[in-house]
Amino acid sequence: MPPASLADIQAALGGTLHGDPHRRIERIAPLASAGPGDITFLSNPRLRHQLQGSQAGCVIVSPAVADLARQRGDTLETPDPYLYYARLSQWWAARMAPAPSPGVHPTAIVDPQAEVHPSVSIGPLCTIEAGAVLGSGCRLAARVHVGAGAVVGADGRLGVGVVIGSGCSVGDRAILHPGAVIGADGFGFAPAGGAWHKIEQLGSVRIGCDVEVGANTCIDRGALGDTVVGDGVKLDNLVQIGHNVQVGAHTAMAGCVGVAGSAVIGAHCTIGGGAVVLGHLELADGVHVSAATVITRSIREAGHYSGVYPFEDNAAWERNAATLRRLHELRGRVRDLEKNRTP
Amino acid sequence: MPPASLADIQAALGGTLHGDPHRRIERIAPLASAGPGDITFLSNPRLRHQLQGSQAGCVIVSPAVADLARQRGDTLETPDPYLYYARLSQWWAARMAPAPSPGVHPTAIVDPQAEVHPSVSIGPLCTIEAGAVLGSGCRLAARVHVGAGAVVGADGRLGVGVVIGSGCSVGDRAILHPGAVIGADGFGFAPAGGAWHKIEQLGSVRIGCDVEVGANTCIDRGALGDTVVGDGVKLDNLVQIGHNVQVGAHTAMAGCVGVAGSAVIGAHCTIGGGAVVLGHLELADGVHVSAATVITRSIREAGHYSGVYPFEDNAAWERNAATLRRLHELRGRVRDLEKNRTP
Amino acid sequence: MPPASLADIQAALGGTLHGDPHRRIERIAPLASAGPGDITFLSNPRLRHQLQGSQAGCVIVSPAVADLARQRGDTLETPDPYLYYARLSQWWAARMAPAPSPGVHPTAIVDPQAEVHPSVSIGPLCTIEAGAVLGSGCRLAARVHVGAGAVVGADGRLGVGVVIGSGCSVGDRAILHPGAVIGADGFGFAPAGGAWHKIEQLGSVRIGCDVEVGANTCIDRGALGDTVVGDGVKLDNLVQIGHNVQVGAHTAMAGCVGVAGSAVIGAHCTIGGGAVVLGHLELADGVHVSAATVITRSIREAGHYSGVYPFEDNAAWERNAATLRRLHELRGRVRDLEKNRTP
Chain G
294 MPPASLADIQ AALGGTLHGD PHRRIERIAP LASAGPGDIT FLSNPRLRHQ
344 LQGSQAGCVI VSPAVADLAR QRGDTLETPD PYLYYARLSQ WWAARMAPAP
394 SPGVHPTAIV DPQAEVHPSV SIGPLCTIEA GAVLGSGCRL AARVHVGAGA
444 VVGADGRLGV GVVIGSGCSV GDRAILHPGA VIGADGFGFA PAGGAWHKIE
494 QLGSVRIGCD VEVGANTCID RGALGDTVVG DGVKLDNLVQ IGHNVQVGAH
544 TAMAGCVGVA GSAVIGAHCT IGGGAVVLGH LELADGVHVS AATVITRSIR
594 EAGHYSGVYP FEDNAAWERN AATLRRLHEL RGRVRDLEKN RTP
Chain L
294 MPPASLADIQ AALGGTLHGD PHRRIERIAP LASAGPGDIT FLSNPRLRHQ
344 LQGSQAGCVI VSPAVADLAR QRGDTLETPD PYLYYARLSQ WWAARMAPAP
394 SPGVHPTAIV DPQAEVHPSV SIGPLCTIEA GAVLGSGCRL AARVHVGAGA
444 VVGADGRLGV GVVIGSGCSV GDRAILHPGA VIGADGFGFA PAGGAWHKIE
494 QLGSVRIGCD VEVGANTCID RGALGDTVVG DGVKLDNLVQ IGHNVQVGAH
544 TAMAGCVGVA GSAVIGAHCT IGGGAVVLGH LELADGVHVS AATVITRSIR
594 EAGHYSGVYP FEDNAAWERN AATLRRLHEL RGRVRDLEKN RTP
Chain A
294 MPPASLADIQ AALGGTLHGD PHRRIERIAP LASAGPGDIT FLSNPRLRHQ
344 LQGSQAGCVI VSPAVADLAR QRGDTLETPD PYLYYARLSQ WWAARMAPAP
394 SPGVHPTAIV DPQAEVHPSV SIGPLCTIEA GAVLGSGCRL AARVHVGAGA
444 VVGADGRLGV GVVIGSGCSV GDRAILHPGA VIGADGFGFA PAGGAWHKIE
494 QLGSVRIGCD VEVGANTCID RGALGDTVVG DGVKLDNLVQ IGHNVQVGAH
544 TAMAGCVGVA GSAVIGAHCT IGGGAVVLGH LELADGVHVS AATVITRSIR
594 EAGHYSGVYP FEDNAAWERN AATLRRLHEL RGRVRDLEKN RTP
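Chains as they are written, first to last, in the numbering used here: chain G, 294 to 636; chain L, 294 to 636; chain A, 294 to 636.
Errors might be hidden in some of the hints.
[To be verified] Below, simulated EDC-like cross-link-like pairs (lysine to aspartate or glutamate); rule was C-alpha separation at most 20 Å, straight line:
#	chain 1	residue 1	chain 2	residue 2
1	G	Lys491	L	Asp524
2	L	Lys491	A	Asp448
3	L	Lys632	A	Glu631
4	G	Lys491	L	Asp448
5	L	Lys491	A	Asp465
If you are wondering where the hints come from, they were derived from the structure by calculation, not from laboratory data.
Given these sequences and hints, build the entire structure.
Next up, the structure:
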């Protein structure tokens, strides 16, 4: 791939260039380590002290630091450097790895009753069942499975080994990473006679547009109704979404989050890594949950919520944890002291 | 699929029908949203207030609410409506998706030394190694792997991409969801000279009858002896079962649970989502562990155990968590106050 | 496989044999259950009371307990019995399951521009893309995917369904268990206009030598630079390693651990199962984190760190947890009592 010039970048993505349009850019790099062939960005104003020492060929900056940055060298000025970086990374990735040619690999197994748009690219060993629909521009890596009647919108990117269960649907521009499983059975059983009796999961999964699903993440199908994931939702790796969960638009969940069945999570929420949301709860729009926090009741108001045991040196933790187990008693002792206080 | 009549349902599943046997049922639906073509159930007596307003074509009810329910319309009366619903869902699912015809997909790779019952259905791209045994009625979806000498009992349903390692065994009527891995190596190393030396895992995994294993769940093989999962055990998605663990019959674990090596978990336990059970512990029969609780010592008595940090508004959490780190000291201060109390 | 004699074992692995060199060993077994055809080991001196009653054919022991053990029967004496057991398990496994013959299964899809050493064994349905390199002695199970330009060092063992993304590299003697995903995209988005804009992940994953990666574990590729996993690192199942994380040599992480992006973890650390390490933190060499602990700030000193809510009977937990939510207030009350104390 030939290096891009600053003029190429500006032509593709806009911004105001102060510097040499012919400068060749070979890489995008972090501010601290960027060299003369690299473009970088400054989005966090607290890092502005790194500007002066940076060897970067060009820095993407906001107007607030533009003057300072221009003293150092070439700049691309734009209102939101981080967003510009995101778009630059997309442009860069498309240059590095152009979309594969449309077509079906000869080892893929596509049911004649599947509807595959002619622009779709299907990798080796994929299995596309009857009634499945693949929208225009979809790119399936190796051994993707799309079950009977499942629908994938336009321009989906499905990683190696992705499984989309029968009857599930995924909107346009989906990115599903390797090993993601959409539409396994929800976890539902009726207890009777000391055993669990399976409740067949008759619903499906409906995923909106612009959704990204991480590697080995699981989204279960609904018991009766559907599990619903809104537009623009981003799920990291190894996330578990139980049956009949609803995830509002543009909500993001970091790795290893677990959301139990029938939870309703609002729009524009963020759930930190390893957090757990119990079943049948409701979280309002704009709720931000810290990593590893366990949400045990509904949250009606936007805000930032946490519940993490503070870690310590093991010996200190042991002392405090032992006391914690008698905390209620300790409160009683304080009460007694208060009652008996000399007036 | 033609709709079922209430008479069809009663003929298949029993119960006392009060209403029109010719009524056609097109769907099973929740009580709150069921319409005239739907059958629903009332299992939680606290929801009986929803009965009057329900548009459902028929409600499955217990004798306790039968009179009330019959004022509204058609009912199917049965001692345990939730169990009836479970069995109805099974009957319904079997009607919707009849079992595939027996046979081996031409792209499946079945070793001539595997023992495959003639009634088995093997999907595309499966790999069945020498000495593997597949019992009657097994249904393997696409790209299932059954390793050398592994045994799957009768009527197993193995989802896309399931891996059963060599020498492992799974009892009758198993349901394994996509991406489940049975029989990866347990995590065992001898530390020496600043490095970890692999302990090859020479045991296997033995799984009982009527076990369900969720998507991307892992059950490791034993180091010397076997990892053992009892009859009727239900594991949700993304669960980790370490080597040499024993899980008692009819125990259920929700998503993202981790059980470390050599733990022995009793029968009829429930482990909530995201909980962790440390290694070499024993849990008695009938132990119920709340979601996200960490079990750090053995539990000898049946009961309900919890250990979850209560979440709060982040600012409140910060204050309380900071105090928690000085809790032992605080107890000391209370002690001092008690000692110095005016007698 | 014919049984081994004690002389065979000593010839292969060393140690001082006291006993019958012709004794036939059929199994390695735990001390408590070993029978006359079994070899076992005693590494934990606290278990020495089990020696006398053991029926084992031979016990591997350290010099410290050698006299006691020889009173019972045959012994193999070695300075580190646990390490000896590890090496014995390796020798045993190699005897039980000899390496497959080199060669490419006819259903594997190997790009002509991949570099595959002639000693490599490639299982059915593998997909090896252009520019991929497989070092000498690699053994790939069924449906392993090695992306374009990815490199696997010598003697790698890649389990069923492993995915190595394009451009990623894995050192010599790697063991990757089924379903592991190396090189999925890191979780990076720029928020703008109420939506998340994808930051393409342009880095890769670089894994050192002698690394083991558990089933369904995920190691994401870096955003700009690479995610780096040092030599001798051992990761259990269902572990999540975020983008640009660095894991120092010989660090081990148990199942279900999550490490968020850009964390830098030292060498010779151990991270207990279900623990979470937040992003952009640094952990010194020799840090040991208890299971289920959440690391929320950097740790500069080697040591043992914990932060686990102690579990209790549910009723006791409810009382204490409720008090915990007023802990800061309780501290204030203690302060007031201290102020008002009669001098």
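Hint check against the structure, violated hint numbers in rising order: Of the numbered hints, all hold.
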